[in-house]
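K.L.:
One letter stands for each residue in the lines below.
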Amino acid sequence: MEILEKKVEQLNGLKEDLGSASLLNVNALESEAIYILREVAAQFEKPVLLFSGGKDSITLVRLAQKAFYPAKIPFPLLHIDTGHNFPETIEFRDRLVEELGVELIVRNVQDSIDQGKVVEEKGKYASRNSLQTTTLLDALEEFKFDAAIGGARRDEEKARAKERIFSVRDDFGQWDEKNQRPELFDHLNGKIDLGQNVRVFPISNWTELDVWSYIQKEEIEIPSIYFAHKRKTFIRDGMIWSAEDDVVFREEDEIVEERMVRFRTVGDMSCTAAVLSEAVSIDKVVAEIRESKISERGARIDDKRSEAAMEKRKQQGYF
Amino acid sequence: MEVLKIATAGSVDDGKSTLIGRILYDTKSLTTDKLEAIEAKSKANGFDYLDFSLATDGLVAEREQGITIDVAHIYFSTKKKSYIIADTPGHIEYTRNMVTGASTSQASIILVDARKGVVEQTYRHFFINNLLRVKDVIVAINKMDLVDYAEETYEAVKADFQKLIDKSEYKDQNITFIPVSALQGDNVVEKSESTPWYEGQTLLEHLEKLNAQDVYEKAQVRFPVQTVIRPKTEEFHDFRGYAGKLYGGDISVGDEVTVLPSLTSSKIKEIYFFDKKFDTAGRGSSCTITLEDDINISRGDMIVKSEEQPKVEKQLTATVCWMDSKALNPGSNYFVQSGSNRILAKVKNISGTIATDFSGEDTSKNTLTLNEIGKVQIQLSKPLAFDSYSKNKASGSFILIDSQTNNTSGVGFIE
Numbered sequence: 001m002e003i004l005e006k007k008v009e010q011l012n013g014l015k016e017d018l019g020s021a022s023l024l025n026v027n028a029l030e031s032e033a034i035y036i037l038r039e040v041a042a043q044f045e046k047p048v049l050l051f052s053g054g055k056d057s058i059t060l061v062r063l064a065q066k067a068f069y070p071a072k073i074p075f076p077l078l079h080i081d082t083g084h085n086f087p088e089t090i091e092f093r094d095r096l097v098e099e100l101g102v103e104l105i106v107r108n109v110q111d112s113i114d115q116g117k118v119v120e121e122k123g124k125y126a127s128r129n130s131l132q133t134t135t136l137l138d139a140l141e142e143f144k145f146d147a148a149i150g151g152a153r154r155d156e157e158k159a160r161a162k163e164r165i166f167s168v169r170d171d172f173g174q175w176d177e178k179n180q181r182p183e184l185f186d187h188l189n190g191k192i193d194l195g196q197n198v199r200v201f202p203i204s205n206w207t208e209l210d211v212w213s214y215i216q217k218e219e220i221e222i223p224s225i226y227f228a229h230k231r232k233t234f235i236r237d238g239m240i241w242s243a244e245d246d247v248v249f250r251e252e253d254e255i256v257e258e259r260m261v262r263f264r265t266v267g268d269m270s271c272t273a274a275v276l277s278e279a280v281s282i283d284k285v286v287a288e289i290r291e292s293k294i295s296e297r298g299a300r301i302d303d304k305r306s307e308a309a310m311e312k313r314k315q316q317g318y319f
Numbered sequence: 001m002e003v004l005k006i007a008t009a010g011s012v013d014d015g016k017s018t019l020i021g022r023i024l025y026d027t028k029s030l031t032t033d034k035l036e037a038i039e040a041k042s043k044a045n046g047f048d049y050l051d052f053s054l055a056t057d058g059l060v061a062e063r064e065q066g067i068t069i070d071v072a073h074i075y076f077s078t079k080k081k082s083y084i085i086a087d088t089p090g091h092i093e094y095t096r097n098m099v100t101g102a103s104t105s106q107a108s109i110i111l112v113d114a115r116k117g118v119v120e121q122t123y124r125h126f127f128i129n130n131l132l133r134v135k136d137v138i139v140a141i142n143k144m145d146l147v148d149y150a151e152e153t154y155e156a157v158k159a160d161f162q163k164l165i166d167k168s169e170y171k172d173q174n175i176t177f178i179p180v181s182a183l184q185g186d187n188v189v190e191k192s193e194s195t196p197w198y199e200g201q202t203l204l205e206h207l208e209k210l211n212a213q214d215v216y217e218k219a220q221v222r223f224p225v226q227t228v229i230r231p232k233t234e235e236f237h238d239f240r241g242y243a244g245k246l247y248g249g250d251i252s253v254g255d256e257v258t259v260l261p262s263l264t265s266s267k268i269k270e271i272y273f274f275d276k277k278f279d280t281a282g283r284g285s286s287c288t289i290t291l292e293d294d295i296n297i298s299r300g301d302m303i304v305k306s307e308e309q310p311k312v313e314k315q316l317t318a319t320v321c322w323m324d325s326k327a328l329n330p331g332s333n334y335f336v337q338s339g340s341n342r343i344l345a346k347v348k349n350i351s352g353t354i355a356t357d358f359s360g361e362d363t364s365k366n367t368l369t370l371n372e373i374g375k376v377q378i379q380l381s382k383p384l385a386f387d388s389y390s391k392n393k394a395s396g397s398f399i400l401i402d403s404q405t406n407n408t409s410g411v412g413f414i415e
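Chains A and B are the protein sequences, given in the same order.
First residue of the first sequence? That's 1 in UniProt numbering, and the numbers climb one at a time after it.
First residue of the second sequence? That's 1 in UniProt numbering, and the numbers climb one at a time after it.
Simulated from the structure, these hints should not be mistaken for laboratory data.
Accuracy of the hints is not assured; some may be wrong.
In silico lysine-lysine, BS3-like type, Cα no more than 25 Å apart, as pairs [stated by the list, open to error]:
no. : chain 1 : residue 1 : chain 2 : residue 2
1   : A       : Lys284    : B       : Lys191
2   : B       : Lys348    : B       : Lys135
3   : B       : Lys277    : A       : Lys72
4   : A       : Lys217    : B       : Lys276
5   : A       : Lys72     : B       : Lys276
6   : B       : Lys41     : A       : Lys284
7   : B       : Lys348    : A       : Lys191
8   : B       : Lys79     : A       : Lys178
9   : A       : Lys284    : B       : Lys276
It should be emphasised that the depicted structure is a prediction, and the values quoted were computed from it without experimental measurement.
Excised from the complex, chain A in its bound form:
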């Protein structure tokens, strides 16, 4: 009897498979993101996609490809390079841009430092993460971009949970969190004054697991540092830091050891810690995330500076 029921189940499954060949199955999150990307292209004069080489912005690029196919992505990519990026990410970025045939603009935090606009942080927790904001705002002004598309998600952090899909910033790039435009249904209001710009977050409603599952399903290529690999590392404050380069300052008593690790989020080398992992493939990564009891930004030092670290940076124009 049990066998018979199983057979019926299998047959039903088969029927569904046949049916889906001609019926477009809707992935609500994907459809929402594509809708948003098309609204950006239509409502703004000069949008740009902020590309960090991380999994979220890679996902955004795939969604943009889908939104405008068979036309090319109708906006350039902008990378704010802190100079402390993982080399794997930069290699990956250049390859992707070439494949897609889209324009890539790179602006360097180092230039902002050389121009005396920002001052490098000091001490063992020094990071260029917050310095990015100045370089980003300068780049938006230089190219007169009126919309900057980013891969931030509301589930990442509690201040981001309050963020709009179309988030209006003033001339100084500031986020006025107490005075945000209401967003209703699918009616996105992109009307702004000259000098203002909008940050757009098409994958606002995705969770970390949604992104990983999408990468798995779509077979999207991502930089190798997202998979488990052997790396020289040291431990500080209970977190694992890369010791393969001299970006992260290391005390003499912090011992370097080779560990099997991967990165869950790819920010700057100076503010992104690794996690111990054996997940060498996308399937294993998804399985690991499913079981994980630590949040993604748990490995981000920049959020740990204070209870409201993200809210403060966002008010100043951080993305």
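Using the hints provided, position chain B relative to the given structure of chain A.
P.N.:
Chain B only, in chain A's frame:
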């Protein structure tokens, strides 16, 4: 995976944050670092229990004042579904936030304190769920632990709420009552042993069993064109694709369609999603279609099935919820935006305000101030294709944009 959006409204006193925290905790959605942060903060604040509101109130001002100001989005998932909770404050001065949260939700949770019963806030939450026609409403009668899990108390609250249901205009709503204690976890995720008289589902069981057919109303197909895709490459030299999101129902290749407002007709030739072609696209899909005939279509136009046409007019009457500190006055100009269509419009008349406690209309007023709801007649500078909100939520609603400040000043539900 299926995504279900749920709206919640209420104040800290209702135990709303505790309820959400309880759902997150019991579905093991709180990661250890977040949980540790909540534990540490609860202890520092001198509580001997976990203050789950810390998981949801994201802004500094909110944590300082212990209230929820804005809409917060909270995510959790089970093996069956992904859930998004749009959590909003419940006081009258946050009516606009409640409307915002409910606008994208298919289900809603209304919290009632078992000790206090149906109060003014309950009226307002239910009214908004009614106005926005949220299909599935769960009335969670909370703090049952404080009334000794008494069935009589639960039944009394239920009877009071029934009086509200009798007054409501939207009757096609599934309303479910559940006795819960968010603090103790009764009937939230796990079935309670303290309420043997309650034979219904727990809150999560109810949400898990809701399926798409239950929460979406079947409507006519509406395909507002967002952008025209013309690649001008060698391979796709003559390609003219109309990109948009499909509302109401499905479309298939061969369907006879009419383009609005021009009223030209054609047939669907191809349905693209990325680099694949499909015979049929389902409701909710963001696809690109091509037509048999070469007709002039641009952003803001709407493609519909020829036998299912909406109204195309330059005047409309709508129930408007006002969201701007600058009041709405007759004679003022605003942009009406519905989906991809934005048209300059003039407010002709405001025929009164509607109370959110079901007490009816006050026709003596002809302005709308922040958080007020009223009937408004609007004159459009160009014809708009629209439906009654009761027929189609997407093409039956719009936002009003202030032409000077660019703010989203209000939302309208077309009659």
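K.L.:
Hey, lysine 348 of chain B versus lysine 191 of chain A, does the alpha-carbon distance stay inside 25 Å?
P.N.:
holds, 23 Å
K.L.:
Is the straight-line distance between the alpha-carbon of lysine 277 of chain B and that of lysine 72 of chain A 25 Å or less?
P.N.:
Distance of about 18 Å is within 25 Å: holds.
K.L.:
Between lysine 217 of chain A and lysine 276 of chain B, is the straight-line Cα distance small enough, at 25 Å or below?
P.N.:
holds, 16 Å
K.L.:
Tell me if the straight-line CA distance from lysine 79 of chain B to lysine 178 of chain A falls inside 25 Å.
P.N.:
Not satisfied, since the Cα-Cα distance of roughly 36 Å exceeds 25 Å.
K.L.:
What's the verdict on lysine 284 of chain A and lysine 276 of chain B, does the C-alpha distance respect the 25 Å limit or exceed it?
P.N.:
With Cα atoms ~29 Å apart, lysine 284 of chain A and lysine 276 of chain B exceed 25 Å; violated.
K.L.:
Sort out whether lysine 191 of chain B lies within 25 Å of lysine 284 of chain A, counting only the CA atoms.
P.N.:
Given that 25 Å is the threshold and the Cα spacing comes to 34 Å, the pair is violated.
K.L.:
Decide if the proposed pair is consistent with the structure: lysine 348 of chain B and lysine 135 of chain B, CA atoms, cutoff 25 Å inclusive.
P.N.:
violated, 32 Å
K.L.:
Check the hint pairing lysine 72 of chain A with lysine 276 of chain B against an upper bound of 25 Å on the C-alpha distance.
P.N.:
Satisfied, since the Cα-Cα distance of roughly 16 Å is no more than 25 Å.
K.L.:
Take a quick look at whether lysine 41 of chain B and lysine 284 of chain A sit within 25 Å of each other, Cα to Cα.
P.N.:
Violated, because 34 Å separates the two Cα atoms, which is more than 25 Å.
Going through the hint list in order, the structure does not satisfy hints 1, 2, 6, 8, 9.
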